[in-house]
Every structure is written in C-alpha cells, then in structure tokens.
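A.B. asks: Residue numbering for the sequence shown follows this note's numbering, starting at 13 and increasing by one per position.
If you are wondering where the hints come from, they were derived from the structure by calculation, not from laboratory data. Warning: the hint list may mix true and false statements.
As a list, the in silico SDA-like pairs of lysine to any residue whose alpha-carbon atoms are at most 20 Å apart [stated by the list, open to error]:
{"hint": "1", "residue 1": "Lys52", "residue 2": "Tyr36"}
{"hint": "2", "residue 1": "Lys22", "residue 2": "Glu85"}
{"hint": "3", "residue 1": "Lys51", "residue 2": "Glu24"}
{"hint": "4", "residue 1": "Lys51", "residue 2": "Glu85"}
{"hint": "5", "residue 1": "Lys22", "residue 2": "Leu82"}
{"hint": "6", "residue 1": "Lys58", "residue 2": "Glu85"}
{"hint": "7", "residue 1": "Lys22", "residue 2": "Pro74"}
{"hint": "8", "residue 1": "Lys52", "residue 2": "Leu82"}
{"hint": "9", "residue 1": "Lys58", "residue 2": "Gly39"}
{"hint": "10", "residue 1": "Lys51", "residue 2": "Ile73"}
{"hint": "11", "residue 1": "Lys22", "residue 2": "Gln42"}
{"hint": "12", "residue 1": "Lys58", "residue 2": "Glu37"}
{"hint": "13", "residue 1": "Lys52", "residue 2": "Arg35"}
For each label pair, taking beta carbons as the anchor points, the in silico distance ranges come out as [as the list claims (entries may be wrong)]:
{"hint": "14", "residue 1": "Asn16", "residue 2": "Lys89", "range": "15 to 21 Å"}
{"hint": "15", "residue 1": "Arg38", "residue 2": "Gly81", "range": "33 to 39 Å"}
{"hint": "16", "residue 1": "Glu37", "residue 2": "Glu85", "range": "28 to 34 Å"}
{"hint": "17", "residue 1": "Arg38", "residue 2": "Asp79", "range": "30 to 36 Å"}
{"hint": "18", "residue 1": "Gly81", "residue 2": "Thr40", "range": "31 to 37 Å"}
{"hint": "19", "residue 1": "Thr18", "residue 2": "Pro80", "range": "18 to 24 Å"}
{"hint": "20", "residue 1": "Pro80", "residue 2": "Ile47", "range": "14 to 20 Å"}
{"hint": "21", "residue 1": "Tyr15", "residue 2": "Ser84", "range": "20 to 26 Å"}
{"hint": "22", "residue 1": "Pro61", "residue 2": "Leu82", "range": "28 to 34 Å"}
{"hint": "23", "residue 1": "Met13", "residue 2": "Pro80", "range": "16 to 22 Å"}
{"hint": "24", "residue 1": "Lys22", "residue 2": "Gly81", "range": "17 to 23 Å"}
Yeah, the Cβ is synthetic: ideal placement off N, Cα and C, and Gly gets one too.
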Amino acid sequence: MKYNQTTLDKLEAIPEQAGYVLRYERGTFQSGYCILESKKVVVLNKFLPIEGRINTLIDLIPQLSIDPGLLSEPSAKLFDEIILMRA
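Could you put the whole structure together from the sequences, leaning on the hints where they help?
C.D. replies: The following block contains the structure:
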C-alpha cells in the first residue's frame, strides 16, 4: 500500500460511508485515535503524518461496526483487503 494522500482519502471514505464522522483533533491519544461508539465519531490525532494516519486507519477500521453493504464498490474492496490483512 502506498503512503500518499490518495490512499489516505480512500481509507477515510470507508468509515464515512458507513456513517462515522472522522475528525482530526489535538489530544493525547495513546493509539493515535479515539472512538466514540454511541455517536459514531472517530477522532484521530491531527499531528500524525500521512503515513501515521494511514497506519492508524488500517488498525482502526476492523474495530468499527461497518456494514460492507453501505460501501461503494472500491471502498468495499479496500475494506475486504484490510480485514484480510488483519486476520
């Protein structure tokens, strides 16, 4: 996987299409993110570089309750790749 803005945009689209709100905020996140499940909000550390944001989203996406049926075809394919990578 390439570490560039296009990859980051594709990864950000997965939780957004599933109804989550992605926000980049300041904070002391040990893992680089915080999930507010009841409000479907994911807060990522805004000081992470692109590579850190991509790695954080790859770690984060399998933990979210995402229905693949809500995703566009390219997002669903990337979602499946991430799930298989983490299995």
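A.B. asks: For this structure, which hints from the list above don't hold up?
C.D. replies: Result: hints 4, 6 and 11 break, sorted rising.
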